[in-house]
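Chain residues, written in single-letter form:
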Amino acid sequence: MNFHDRHLLRLRVNGEDHSLSDLDPRVTLLDLLRERLHLTGTKKGCNFGECGACTVHLDGRRVNACMILAVSCEGREVTTIEGLADGDALHPVQQAFIDHDGFQCGFCTPGQVMSAAALIEEGHTGSDAEIREWMSGNLCRCSAYPQIVEAVRAAAGRASQ
Amino acid sequence: MTPFVYARADSLGDTIAAGAAPDSAFLAGGTELLNWLRLGITEPTRIIDISRLDGLDQVEALPGGGLTIGALMHLNDVALHALVVRDYPVLSQAILNAASPQLRNLATIGGNLLQKTRCAYFRAEEQLPCNKRQLGSGCSALHGINDNHAIFGWTEDCVATQPSDPAVALAALDAVIVTAHRSGGRRIPAAEFHLLPDTRPEADNVLQQGELITAIELPAPAPRSAYLKVRERESYEYAIVSAAAVLEMDGQTIRRAALALGSVALRPWRLSAAEEQLAGAEIGDREALSTAIEQSFAQARPLSQNAYKIELAKTAALRAIEKAARMSS
Amino acid sequence: MMISQPVARPDGGVKVTGRARYAADYFAPDLLYAVLVTAPVPAGRVTSIMVDDALAEKGVVRVLTHEDMPKFGRFASPRAEPDTQMQQAEGPPAAQSFMPMQGDEIRHEGQPLAIVLGETLEAAEAGARHVALRFEFAEPELPAPPEWTAIDKAAVVPRESGFLFLEPTFTKGDVDRGLSDAAAMVEAVYLQPSRHHNAMEPSATLAEWNDGELTLHDATQHVYGVRQVLAARLNVPAGKVRVISRHTGGGFGGKGWIWPHQVLAAAAARIMQRPVRLALSRANAYSCLGYQPRMAQKIVLAADRSGKLTAVQQDVVNLTTVSDDFVEFATEASKGLYATPAMRLSQRVERANVAMPTALRAPVEGPGTWALESAIDELAHRLGIDPLDLRLINHADTDPATGQPWSSKKLREAYEEGARLFGWRERPRKPQRDGDWLIGYGMATCSMGCFRHPTPAAEVRLHRDGRVLIRTGTQDIGTGTLTIFPQIAADVLGLPMEKIELEMGDTELPEAGPTYGSSSTMGVGAAVLAAAEDARSQLARLANLLPDEVEMHDGHIRRRGAAGGQTIADVMSHTDIGEIIGSGSFDPAQHGNGLAMRTFGAIFMEVGVDPGLGLLRLRRAVGSYSAGRIVNPRTARSQMTGGIIWGWGMAAMEQSRHEPVLGRFLSKNLSGVAIPVNADIPGDIIIHFVDEVDEHASPIGGKGIGELGATGVAAAVANAVFDATGKRIRELPITPEKLL
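Protein chains in written order, with this note's numbering: chain A, 1 to 161; chain B, 162 to 490; chain C, 491 to 1230.
Because the hints were derived from the structure by calculation, they are not lab data. Be a bit skeptical, because a hint or two may be false.
Among chain B residues calculated to face chain A with C-beta under 8 Å, some are [stated by the list, open to error]:
hint, residue
1, PHE165
2, TYR167
3, ALA168
4, LEU173
5, ASP175
6, ILE208
7, ASN266
8, SER396
Short derived list, chain B residues pointing at chain C, Cβ under 8 Å [as the list claims (entries may be wrong)]:
hint, residue
9, THR360
10, ARG361
11, VAL391
12, ARG447
13, GLU472
DMTMM-like, lysine to aspartate or glutamate: derived pairs with alpha carbons at most 20 Å apart [as the list claims (entries may be wrong)]:
hint, chain 1, residue 1, chain 2, residue 2
14, C, LYS1217, B, GLU317
15, C, LYS989, C, GLU1069
16, B, LYS277, B, ASP171
17, C, LYS1217, B, GLU393
18, B, LYS277, B, GLU221
19, C, LYS1228, B, GLU395
20, C, LYS1228, B, GLU204
Don't be surprised by glycine CBs; every beta carbon is placed ideally from N, CA and C.
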């Protein structure tokens, strides 16, 4: 087994291939996105997996970017909030957050939106209670929770229950 | 984090060979390890990334009933697996009550069992007196804030609890933890996996350096089983107390019961005395159930601030039994 | 009309795509990452700071200690009045007088002692772990045990300082007589723990010096305040300090005043001659910033047989740091809520080696209504009067403390409509069950004072193509100002929202005060209104119309009531002016003199209690408010639901526990400190606003709503718990061990 203190990392972020040399293995995916790739939409709220502000999609699954060593993402595909929209056309979840006033200060919003987009793919929109439970990994101190549930429900195309 | 070197493992053999070296740590989901590194709880010099090892992320039916779950399966994948949902609801529920959806996409079922206590003194950003952080430094919680600490099996060296939800379900299910190690693997009963503080308060479980969990084996299906978690907020929080119940029923009569409590000791706490007395009890007879549960609390010892957890744990056990009975078989 | 319309937030686009930039999202060439090393003990002296191991860490550039720091200047609060002993008093917007890293003294756990600077964050963080400290321990003053007798014994009268906004005692009428005349009395002590803001964005500062000029990207609720305090501390002219804060990731008071880390970041950048970014860790956010202090309130309410109050007595004690007396004026609620012939109120503090407290969303009345509205409920049950009726019986038609008339008050309507929407009068009076859950109903009055800061200014630039730029040096913390200021300008200038841009959060813009105290709509909103009207007047003069007689509609200006009119482009094409610059400000001294001002409301809640498991859950809520004109009912609804949920957190879970032996906050993280999650909050929260315009508070006709929703909630929850279980909980939060 070959141990190194600096690594070459190749990964795909928002459809773009990146190759980073001389990567310190201590760098988390979150800090890689923010400090190296300057993709600052993904937020650092706690850095301990306790708030969900850093939620991104890793190979299509929602995860906390602060809990991942970047070096372990070799060959993987990452989608961040910057890569969710299709060009200028907002993702339905993004539009629904605007339509339903699903944010205030906006700091947790990228994480909320990424979580919501994944949740809909996962199919956890059977009821408002199910949405609430499966959105509980994203803290919102402005407490836009009811509006977030409305936005997710609308984006999932489900009528009010 | 203190600097370390990193390598990705691609075979089990290489992994357990490399893992045997002191100061090596395995990285799977990372949801615990990264926090330990940030807090200085462990400071390994070598990190072995096992997340891409082949063949450790499947659920397979065992001949003669039962399931084997690969240790690298992500928690959500275990909890939502059709066979787990159908045959082991207690495990599915325990997992879905743990952490958050995002964390459950990262964390693995094997790694989950290696969680360390959530005792606030242990998890502090400064190293506070704590025998689990530094043996011999004492236990801050013993005479400090301990309202959410152990009521069973604690010593003056450590009054913390084990926080894993899945571990409680696995203990009640009599699951077996399968390991690999350079000197040979083991099969460890889930209820004996974690260590109480009486001998080595600094240790969390029976694993040796370089020993890797490869699978969890579940015995015959337990469709009448349920998990109940008590916490002040509704989700994304560790338990104050949790309870797992696994029942076999004849009509309304309990034929066999297995009960385990979570967050009451440094290991999932089986209520063996209660289990014995529950055999033959009617599910509708709350008094009989409560009397049976009472048997297991003779050994409960509250700390200065957590006597309430004793009553709470009894009720949680009772409710878990009733919830399990309502699960269709 | 755009005002009163539920316009969607124009900041939605940048906020849902990750393009909105917060302080820690900025970069500068040659950026250094700063990480704080903080005191692990609450009192004593640091005798040595050994940095060799840290410097050995690859990428660590320097470790700064108190020996490297300049002597920071004093900041005299503008509140300090000349010719008094307060003349030199330190105070807001500085959060505390004590500056760390000026010597070896340790006054609280978590106090910054050193700054590790690294080329990467990883290096700086690893370096910080390897800075070795030696101490001389001192016996700390620790918070008293959380019970009245101990706290009362430790309490002292607060000293004069810039932090003492009001007299610490207040007396009206003959309290002793009111007590002896009473037919019913309630005497009780209400406790609440310290709790933190826990904004999702940890405070962060990027400091950059160029030719003696400092530019700061900062997470703040007050860019001009940062400038004032940094200029004083760093001994540079204010004009040499530029502070930028385009978006702040939640404030709630925690970023209201200026904390030491902002000064330290700027000082480090000056020493290093390189840009420095100091993003506080979540743990830092518990000890380097403020919090709402632990409080104990002893209340005595006395009433005659009909329920009319005969006397109110209240003694309040809040925790504070050893250096400064922060006073949490919970007694303000008692001064403003109910008619009573006699009041005797006092505020004291308990000093300890803890970090400095500060204002937290719904300060003052937040804690005040917790105690008062609980006690009113207790009195209602003692008298056998419905809690709502008791409040109506004691409705204050004028301000109870001063006797002044209200600028506007429609609390009776708010009670009535809230009760109707909730079904309060029809609620079951017998114990209700739903499976293992006991159901209870409770209500409380909500109220906040009106903080009108002098004198916010704004500029409205009207371009000849009909585009408008509003410039005002206030801050976006998410409250809705980015939406309602354009609405206000759109109305005056007869333009659609798309034409209007807004620039905020920069000391290059007109000074507009802090974004706290629920003050922005009244104050900055009025300044925007005045600036838009000024722009319109200038355009009218260009169009040879009398400014007082014009209206603008659909891009045209015309005499009021006339048809058609001239387009903006036409009017301006006759001149060589490219844009008109309208200016406006709001001077509260010119509005509502002699009137008492408050916002009011009522909160009705249904809770479930599972007494077997000690669980408390929210089932539904109705909030009904009298707060003047609502400029945007959509953003206002979000403010109120957010406030109610904030109050739910206070009631049900939030606490930052003071560790009794080590003298630190027990947990400095979001897994050890619970705040509400989505699953805690049912969808059934109804918000109602009484139709009201308060012309005296502000030309906008509105008052503040950012904190109103968070008041009263904790009491309503405790009152509902009592209804469900018969248990009167007088200590927050209402956690399982209290309900079993």
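Taking the hints in turn, this is what the structure says about them:
1. PHE165: holds (7 Å)
2. TYR167: holds (4 Å)
3. ALA168: holds (4 Å)
4. LEU173: Result: violated, 12 Å to nearest chain A Cβ.
5. ASP175: holds (5 Å)
6. ILE208: OK, holds: B/ILE208 within 8 Å of chain A, min 7 Å.
7. ASN266: holds (5 Å)
8. SER396: holds (4 Å)
9. THR360: violated (27 Å)
10. ARG361: violated (25 Å)
11. VAL391: holds (5 Å)
12. ARG447: violated (11 Å)
13. GLU472: holds (6 Å)
14. C/LYS1217 x B/GLU317: violated (35 Å)
15. C/LYS989 x C/GLU1069: Judged against 20 Å, a Cα distance of about 14 Å means the pair holds.
16. B/LYS277 x B/ASP171: violated (27 Å)
17. C/LYS1217 x B/GLU393: It holds: about 18 Å lies between the C-alpha atoms, which stays within 20 Å.
18. B/LYS277 x B/GLU221: violated (28 Å)
19. C/LYS1228 x B/GLU395: holds (17 Å)
20. C/LYS1228 x B/GLU204: Answer violated: C/LYS1228 to B/GLU204 is near 40 Å, above 20 Å.
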